[in-house]
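Residue numbers (UniProt numbering), protein chains in the order written: chain A, 1 to 211; chain B, 1 to 211.
Simulated from the structure, these hints should not be mistaken for laboratory data. Hints are not guaranteed to be accurate.
What the hints assert, rightly or not - Below are the SDA-like pairs computed for lysine to any residue, each with C-alpha atoms no more than 25 angstroms apart in a straight line:
#, chain 1, residue 1, chain 2, residue 2
1, A, Lys31, A, Glu42
2, A, Lys209, B, Thr22
3, B, Lys208, A, Arg157
Residue strings, one per chain:
There are 2 protein chains.
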Amino acid sequence: MDQPQAAPGGGASEARDKTPRTERGRRTLRKLLDAAAVEFGERGFHEASISAITRRAGTALGSFYTYFDSKEEIFQALVRYMSEQLRDHVTPRVQAAPDEIRAERIGLESYLGFVREHKEIYRIIDEAEFVDYESYRRHYETTVERIRQRLEAGAARGEIRADVGEIHAWAIGGMNVFLGMRYGLWDTDSDISEIARIANDMLANGLKKRD
Amino acid sequence: MDQPQAAPGGGASEARDKTPRTERGRRTLRKLLDAAAVEFGERGFHEASISAITRRAGTALGSFYTYFDSKEEIFQALVRYMSEQLRDHVTPRVQAAPDEIRAERIGLESYLGFVREHKEIYRIIDEAEFVDYESYRRHYETTVERIRQRLEAGAARGEIRADVGEIHAWAIGGMNVFLGMRYGLWDTDSDISEIARIANDMLANGLKKRD
């Protein structure tokens, strides 16, 4: 399952390097992955077909096999691609935050915004639990690892409590994923910036009564 | 999808009432549901079979059809059954807690313990997202609703901040589910009481530095 970190979601099998070498190739690969997100998101892994993906992408069937050997392989690449898209959406916003508490608030708000724009992310990541457990687990492990690093950096700068670590990061990751399901996926009307403000206030100050 | 609240996970179709009326019937139904948990947990919905469930339960195939019309129907009943088993495991422990902050700690610790004993719960609840979305959503909505009620009761008793509500409850639910996946399902060595203590301390006091 170990793949070299390649072009967007790029799968490189042991047999041959399928990483596109030209800008045009990278564009085709992205078109295939975007089409796969719609196809798997709408129809699920088992009902989805390679021919429908290439039809949606407007590419020839041959292009598909330039980059992927099978439906399993593009699904695996798609999980990584979505994970990277999410990271690329959230990370610059979080890095621009003035401190770690506000970084977590911005991280949640931008995650909720991402979910509203990419509703298929839940179905795809969650289906990976059944199609390719390795990808499923890696998505959460890398996402939570980024939270852990943020927390520890914030603690080192003296912005938050000093004892933060992996347990806190998993707790925050779960909080975000559930709020994303409830207020990003199911309920598309509520004010995500208000949701993020309220959740972040609990994260910052806790449930205890203020004195 | 609205079912009357019946015997354990009991499904009652519109056509006929399949709720067991005798203790022996309730025992058979529970045997079938326990066997279904193992079968669906090990093989997944699509690979699972009714005959394997009755074999595991040590019951005749006819008993299956006394209570269920299809594999879909027992899967749906199983999701409700697991949801109820979880509630029956956690609720009395939580209710014995001296205050709401400790109730959340005990809730998390007993949830982690439940996951260690019922590892199949993740696979079954998560597969419901694809097999029966209504059951999937109801499981989380009822679980989170219990948290919300606990929080609001704790606030009314003056044990925690006064402004708690649904957003806080979804955040806590997600926290628990992710900690359960990481430390209940994947890692079976770590000390769950220590995990619960650390997560609860963040929940109680927040990420801010203590003065």
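Quiz prompt | Indices of hints not satisfied (ascending) | solution = 2
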